[in-house]
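Residue numbers (our numbering), protein chains in the order written: chain H, 449 to 863; chain S, 449 to 863.
Don't read these hints as lab results, they were simulated from the structure. There could be a bad hint or two in this list.
Which copy is meant is left open, so a pair is good if it fits within one copy or across any two.
Said to hold, decoys possible - Computed list of lysine-lysine pairs in DSBU-like fashion (alpha-carbon distance at most 35 Å, straight line):
#1 Lys686 - Lys696
#2 Lys696 - Lys843
#3 Lys796 - Lys739
#4 Lys512 - Lys684
#5 Lys696 - Lys508
#6 Lys739 - Lys533
Remember, predicted model here, so these are calculated numbers, not experimental data.
The primary structure of each chain is shown beneath.
Protein chains: 2
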Amino acid sequence: MKVLKGACIFGQSGGPTAVINASAAGVFLEAMKQDAITEIFGAEHGIRGVLEERLFDIRKEDLKELELLKNTPSSALGSVRYKLKPVSVDDSDYKRILEVFKKYNVRYFFYNGGNDSMDTCNKISKYLQSQNYECNIIGVPKTIDNDLFGTDHTPGYGSAARYVATTVMELHQDTHVYDTPLVCIVEVMGRNAGWLTASAALASLKGYGPDLLYLPEVPFDVDDFLNDVKMVLKRKNKVLVVISEGIKDFSGKYISEYLVSLKKDSFGHAQLGGIATVLAGIVSDELNQIKVRPIEFSLLQRCAAHIASGQDIEEAFMAGTMAVRYAVEGNSDKMVVFKRDPNSKEYKVNYELLNLEYCANTEKKIPVSWIKDDRSGLTQEFYDYALPLIQGDNKIVLEDGLPRFANLKRVFVKK
Amino acid sequence: MKVLKGACIFGQSGGPTAVINASAAGVFLEAMKQDAITEIFGAEHGIRGVLEERLFDIRKEDLKELELLKNTPSSALGSVRYKLKPVSVDDSDYKRILEVFKKYNVRYFFYNGGNDSMDTCNKISKYLQSQNYECNIIGVPKTIDNDLFGTDHTPGYGSAARYVATTVMELHQDTHVYDTPLVCIVEVMGRNAGWLTASAALASLKGYGPDLLYLPEVPFDVDDFLNDVKMVLKRKNKVLVVISEGIKDFSGKYISEYLVSLKKDSFGHAQLGGIATVLAGIVSDELNQIKVRPIEFSLLQRCAAHIASGQDIEEAFMAGTMAVRYAVEGNSDKMVVFKRDPNSKEYKVNYELLNLEYCANTEKKIPVSWIKDDRSGLTQEFYDYALPLIQGDNKIVLEDGLPRFANLKRVFVKK
Chain H
449 MKVLKGACIF GQSGGPTAVI NASAAGVFLE AMKQDAITEI FGAEHGIRGV LEERLFDIRK
509 EDLKELELLK NTPSSALGSV RYKLKPVSVD DSDYKRILEV FKKYNVRYFF YNGGNDSMDT
569 CNKISKYLQS QNYECNIIGV PKTIDNDLFG TDHTPGYGSA ARYVATTVME LHQDTHVYDT
629 PLVCIVEVMG RNAGWLTASA ALASLKGYGP DLLYLPEVPF DVDDFLNDVK MVLKRKNKVL
689 VVISEGIKDF SGKYISEYLV SLKKDSFGHA QLGGIATVLA GIVSDELNQI KVRPIEFSLL
749 QRCAAHIASG QDIEEAFMAG TMAVRYAVEG NSDKMVVFKR DPNSKEYKVN YELLNLEYCA
809 NTEKKIPVSW IKDDRSGLTQ EFYDYALPLI QGDNKIVLED GLPRFANLKR VFVKK
Chain S
449 MKVLKGACIF GQSGGPTAVI NASAAGVFLE AMKQDAITEI FGAEHGIRGV LEERLFDIRK
509 EDLKELELLK NTPSSALGSV RYKLKPVSVD DSDYKRILEV FKKYNVRYFF YNGGNDSMDT
569 CNKISKYLQS QNYECNIIGV PKTIDNDLFG TDHTPGYGSA ARYVATTVME LHQDTHVYDT
629 PLVCIVEVMG RNAGWLTASA ALASLKGYGP DLLYLPEVPF DVDDFLNDVK MVLKRKNKVL
689 VVISEGIKDF SGKYISEYLV SLKKDSFGHA QLGGIATVLA GIVSDELNQI KVRPIEFSLL
749 QRCAAHIASG QDIEEAFMAG TMAVRYAVEG NSDKMVVFKR DPNSKEYKVN YELLNLEYCA
809 NTEKKIPVSW IKDDRSGLTQ EFYDYALPLI QGDNKIVLED GLPRFANLKR VFVKK
């Protein structure tokens, strides 16, 4: 086997998670062990850092700080939402990437992100091949939405799910404190996939779950919703609703679109959020005198490293580690995927590879058969699926009672 | 010394905290050790449980579950907002309380709450004295607002402060992930006192604090605010604002009152909240094309037991313990207060007593000299004050990666 020798670049893309930096630690610490990898660069703000030649020299960082990346939320190198145009439309970005890769003899490229980032990887890889430039490109998955195709789950999901489940348990306690009627509507992220919203159902296992749960996989009807709320209110005087930002009506139109202005991000995705407040207003109009409280988990659910799942951190780290190993072994055009070992009695994950083209731009939804018809939650299949992902001590390092985040020097390579 | 012999009642009142149940554990476990205390009752929904004779028999509970109260947020017995009318206006509630106390030979009454609850304690005590009914009444402080007079701080504050500081650190990471401009406005509870909002400044100690901090102790001007935001935005492209729900203009009028409808709770307090959204709208109107994101910590900040301060839990527990000991020793009409030991080099708290009449209905504010003029944060005095309160492992018990809350039997005493 011919081993490519050269520099590697790692970049972070898309919305951050609590553990995206754990994958960075995995890539960096493994790259240091590989003789084939000469230099280790971190691209500032993902592919933008490549285009603008803003590359951090990771060998200049202290090992201790790189280890601390495991408990540092968000993207330590900076992230980006930047969509490459098809080569046929405009190849200037691709030419520039090739130029930079050649200049630094970059033979390994690792990109950490979701659907769109895998599409970016795929396009770059195809272009480099067309130019006969040898470079092994491996995608490292991440997204709290858990909507990546071809992998059992994605790094970032377990931690966000643990945050959602724990916080819903706490909210259940809080919303039941008075004996006055209350409707509390909690909004969870996840775009068109209900995985993260569904994790609120894990709180039900402990007896502190939501009364009503609305996922984007099932069409949403405002009148049905109002009836659901009224029925629960009548029965128990309290309604704890957990709802996905991405709920849609029978025609596929976002509910939020009816009442709040809908902007698009640069990938063309709708910028959602605010549905809890909209629905709270509707409930309040319908049920006079009843206290209604909307709560949006907002950014909190994706950066809550203090309650990250230890399992998730370890898997995110291993995803980065395995990306490097697979690349050095000669693999390219692949994403690291997680396969749950069906022969293991205990939960065990294997790290495999999948062609990038299969991962790009496909959304994985919750099987509708896992969703109970009465909006009360999920079936046992979901519990079996999700529970192992939120386990494990995250070994967070504290200083003065507060998290000790990694403190990187961020030394740029001279252009 | 004559020791009163009889039953005790403990009740929880007002907004819950992460550690109000730790005080319950303190009261119950200490009461079990005291020969003077015959029966131990928990009143459902505070004073309402007394009036309606809905009393839990705490001796029926498992000790293990009572211990777990230390990590169970909110009010395990149920809370209430119920204001007793002055005796001169209507003495029917007082007569009823006396009737219940006589029926069960209640000689000890412990009430856990804030300003208003101490007022309730004081009124009951004065009435019972006027009727020559011997009963020792001790208030146990609690409030995330930390606005109780006569005590160095209040149980509940340290945990909420740790939540706010940690979450602001995480949000700082998240909001700095892209290089596009962003204004993020975080709203924190605390009513008319800035203590909890100020705890966001603890994140600054680690380099991840807010750029701008607005407390209710300093009059708020919308134009000044907009100028502050613009200046920071120009300098660093990102603005992380943390703002108290209780900010007021120079005339003392709530800013939220200008733009959102203001309801009153049954104590006559304004029901605040929503100011972040209102200000985000104003910033958005002023600065076109700039992304503005309001985040309200809402109930999350007062029930986040998963990140409670170990110090706070211990102190809340001790506040309950000491209330029982002091009462059995013959004290009454007092609240347990915390005094920081000035002679100890390490942080050390002593548990003393203060007359209820001094505690009732007085709000303790942050000294204005501790607040920096440029809205950038607090002085060293605040750090020295607040930092010890957020320390310590909370020893949370997990089951399946989720918190294990106390599971009380809640067996009612037969009427």
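Starting from the hint list further up, note which numbers the structure goes against and sort them upward.
-> The structure breaks hints 2, 3 and 5; every other hint is satisfied.
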